[in-house]
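Asker: So you can see what is in the structure, the chains are spelled out below.
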Amino acid sequence: MSLLQSTERREFLRSAFAIVGTLIVTPSHSSDWDQIAYNKTRIVDSIKSVGIDDFSNIIDGSDLIELNTPEIAENGAIVPITIQSQIPQTERIFVFSEKNPQPLVSDYVFSTKVTPYVASRIKMAETSYVHVLVLADGKFYRTAKEVKVTIGGCGEE
Amino acid sequence: MEKTVRFRARLSDGIANIKLMIFHEMETGYRKDKNSGEIIPQHFIHTVHVDKNNERVLEVHWSRSVSKNPYLNFMVPGAQTGDTITVTWFDNKGFSGDGSVELK
Amino acid sequence: MIFPLHSRRSLLLILLFMFSGACVATPENDRKQYLDIFARNIPGVPVSEYVHGSMMLSQDAREQFNSIMDFPPFQDSLDRGKTIWNRSFSNGKKLEDCFENQGENIAGNYPYYDEATERVITFEMAINQCLEINGEMPFNFTNVDTMGALTAYARGLSDGMLMNIQITSPGAREKYEKGKEFYFKRIGQYNLACASCHLTHGGYYFRDELLSPTIGQAVHFPVFRGGERLYTLQMRYQRCMEAVGATPLESGSETLNNLEFFHSYLSNSLPLKSAVYRR
Chain A
1 MSLLQSTERR EFLRSAFAIV GTLIVTPSHS SDWDQIAYNK TRIVDSIKSV
51 GIDDFSNIID GSDLIELNTP EIAENGAIVP ITIQSQIPQT ERIFVFSEKN
101 PQPLVSDYVF STKVTPYVAS RIKMAETSYV HVLVLADGKF YRTAKEVKVT
151 IGGCGEE
Chain B
158 MEKTVRFRAR LSDGIANIKL MIFHEMETGY RKDKNSGEII PQHFIHTVHV
208 DKNNERVLEV HWSRSVSKNP YLNFMVPGAQ TGDTITVTWF DNKGFSGDGS
258 VELK
Chain C
262 MIFPLHSRRS LLLILLFMFS GACVATPEND RKQYLDIFAR NIPGVPVSEY
312 VHGSMMLSQD AREQFNSIMD FPPFQDSLDR GKTIWNRSFS NGKKLEDCFE
362 NQGENIAGNY PYYDEATERV ITFEMAINQC LEINGEMPFN FTNVDTMGAL
412 TAYARGLSDG MLMNIQITSP GAREKYEKGK EFYFKRIGQY NLACASCHLT
462 HGGYYFRDEL LSPTIGQAVH FPVFRGGERL YTLQMRYQRC MEAVGATPLE
512 SGSETLNNLE FFHSYLSNSL PLKSAVYRR
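Chains as they are written, first to last, in the numbering used here: chain A, 1 to 157; chain B, 158 to 261; chain C, 262 to 540.
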């Protein structure tokens, strides 16, 4: 196998960087399913990967986001949760289950044609906080609720 | 073609309350086959497009942390009789499916 | 609350109570005495609530139940059951032809005592009898995709019907008494009887689990544990036997059929509901 000529190598590296550069520059809250964010295994990394560099910029949204979760989940495989954002210009809602192997559970991108409301059923591995981040008008808001789980929901029979 | 999406849509006072279920294993990749002991590979829906009259109104991203036979409930204000809600899903193995409901 | 499940005394006290106040031990008197026990264990809880088992005392659990039952994830199992129920046999007949009223509002009559064969016949056995008479292959009692899914759908045709087990002959009575005997029999490494948990302590907590009272159990089957794992009533008996360290008896065995006969009688006059979510 011959080595690339130096000019060809430079060309190759230039295009490679261009491609990688595009990936880096792509906004973290783009509308595509973000495999990188969803594969993070620590809650802090999951939250960062949705576009938050500085955690002190997250606004307490506990008065503005209605998060309904059970107190004690009957079965961690099927935990019903309901989220309603009262924050104007809500664009996106992110849901995390802190102690899941991959904490980012789901995210929802809202047009102005739907209410910033969603109900779904999630798997929780064990007792932990469910964190909800709302992106509205370029700012992140947060609320969280602890859900106790007696039968875990990720790898059971 | 097997129906993979089931809807329950209710239109009242101009708001459509849409409940749906997509029949999908949402396999986590953490379970082992009882007989072989092998890990059952991940198989889950990662994206759902929700359209009203062919216009995208909601985009959903899921993971293997979403329950099997995933349920979704959302609201569409300003909906009318005759509007069609279409849902298209895509999973990590390249499969997809869709379903739609006409509001009455 | 910790209580001595292993106490022989507690079981004896129950038996003494049963034989003391009552005139004659009949099935109906048994049922009334057990109702009294639960009225003492869980005062203020209406009998109609017993059908919800461990959700009786938790609003949190009940809300989850309602949320999931609003749009159950096991709809695909019910669809499968419906397809099986509606399938024509090779001879052109269907399952509904074997049952009164085309299978609607009949599940509360099962199990029943068949005088001719001197056996208890469960709903599942009746289904298999129907299949065999019509030249079809019977189903395995514990196959969740065939018999399980089928009964989850077919029993649903009797939703709302009141349990109506009849004991009108000496033969039927004998089976009832045999079922009752097993119900009170201590088994397994833990040496526990069904009665230890679900009669003596029905309505009490055992660690973080509320023990459901015996009365109200048999009407809500099959269940979908975690929303997806189907259990028929006898499959549930088998799991309970394993839980106390006993080797489970076979589904469709005479002992479990007699137990189901006794156990279902105790839920007489409570409404049936098939295919329910349980944790």
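Think of the hints as simulated: they come from the structure by calculation, not from any bench. Heads up, some of the hints might be wrong.
Said to hold, decoys possible - Computed beta-carbon distance windows for the label pairs: (1) R500(C) with R188(B): 50 to 56 Å; (2) Q320(C) with N57(A): 34 to 40 Å; (3) S530(C) with N39(A): 52 to 58 Å.
As the list claims (entries may be wrong) - With a straight-line cut-off of 25 Å between C-alpha atoms, the simulated DSS-like cross-links for lysine-lysine are: (4) K40(A) with K250(B); (5) K189(B) with K40(A); (6) K343(C) with K160(B); (7) K113(A) with K261(B); (8) K534(C) with K293(C); (9) K355(C) with K343(C); (10) K40(A) with K113(A); (11) K446(C) with K293(C); (12) K160(B) with K99(A); (13) K176(B) with K261(B); (14) K343(C) with K176(B); (15) K250(B) with K191(B); (16) K293(C) with K439(C); (17) K176(B) with K113(A); (18) K176(B) with K534(C).
Note that the coordinates shown come from a computational prediction; the quantities given were computed from them, not determined experimentally. Ideal Cβ placement from N, Cα and C applies to all residues, glycine included.
Asker: Run every hint past the structure and note whether it holds.
Answerer: Do the hints match the structure? See the list:
The hinted window of 50 to 56 Å between R500(C) and R188(B) is violated, with their beta carbons roughly 20 Å apart. In this structure, Q320(C) and N57(A) meet the distance hint of 34 to 40 Å, their C-beta atoms being roughly 38 Å apart. Against the hinted window of 52 to 58 Å, the Cβ-Cβ separation of S530(C) and N39(A) comes to about 55 Å, which satisfies the hint. Annotation: proposed proximity of K40(A) to K250(B) holds, straight-line Cα distance about 20 Å (limit 25 Å).
Between K189(B) and K40(A) the CA atoms are separated by roughly 23 Å; this keeps the pair inside 25 Å, and the hint holds. The straight-line distance between the Cα atoms of K343(C) and K160(B) is roughly 15 Å, inside the 25 Å bound, and the hint therefore holds. Distance hint between K113(A) and K261(B) is fulfilled; the C-alpha atoms sit about 18 Å from each other, no more than 25 Å. Restraint check for K534(C) and K293(C): the C-alpha separation of about 23 Å stays at or below 25 Å, so the hint holds.
Between K355(C) and K343(C) the CA atoms are separated by roughly 12 Å; this keeps the pair inside 25 Å, and the hint holds. At most 25 Å may separate the alpha-carbon atoms for a hinted pair to count; K40(A) and K113(A) exceed this at roughly 31 Å. This hinted pair checks out: K446(C) and K293(C) have alpha carbons roughly 21 Å apart, not beyond 25 Å. Distance restraint check for K160(B) and K99(A): the Cα-Cα separation of roughly 34 Å exceeds the 25 Å cut-off, and the hinted pair is therefore not satisfied.
For the given pair, K176(B) sits about 14 Å from K261(B) by alpha-carbon distance, which is consistent with the 25 Å threshold. With a CA separation close to 22 Å, the supplied pair K343(C) and K176(B) stays within the 25 Å bound. For the suggested pair K250(B) and K191(B), the alpha carbons sit about 23 Å apart, so the restraint of at most 25 Å is met. Straight-line distance between C-alpha atoms of K293(C) and K439(C) comes to about 19 Å, which keeps the hinted pair within the 25 Å bound.
Proposed proximity of K176(B) and K113(A) is supported: the alpha carbons are some 17 Å apart, at most 25 Å. Between K176(B) and K534(C) the alpha-carbon distance is near 23 Å, which keeps this suggested pair within the 25 Å criterion.
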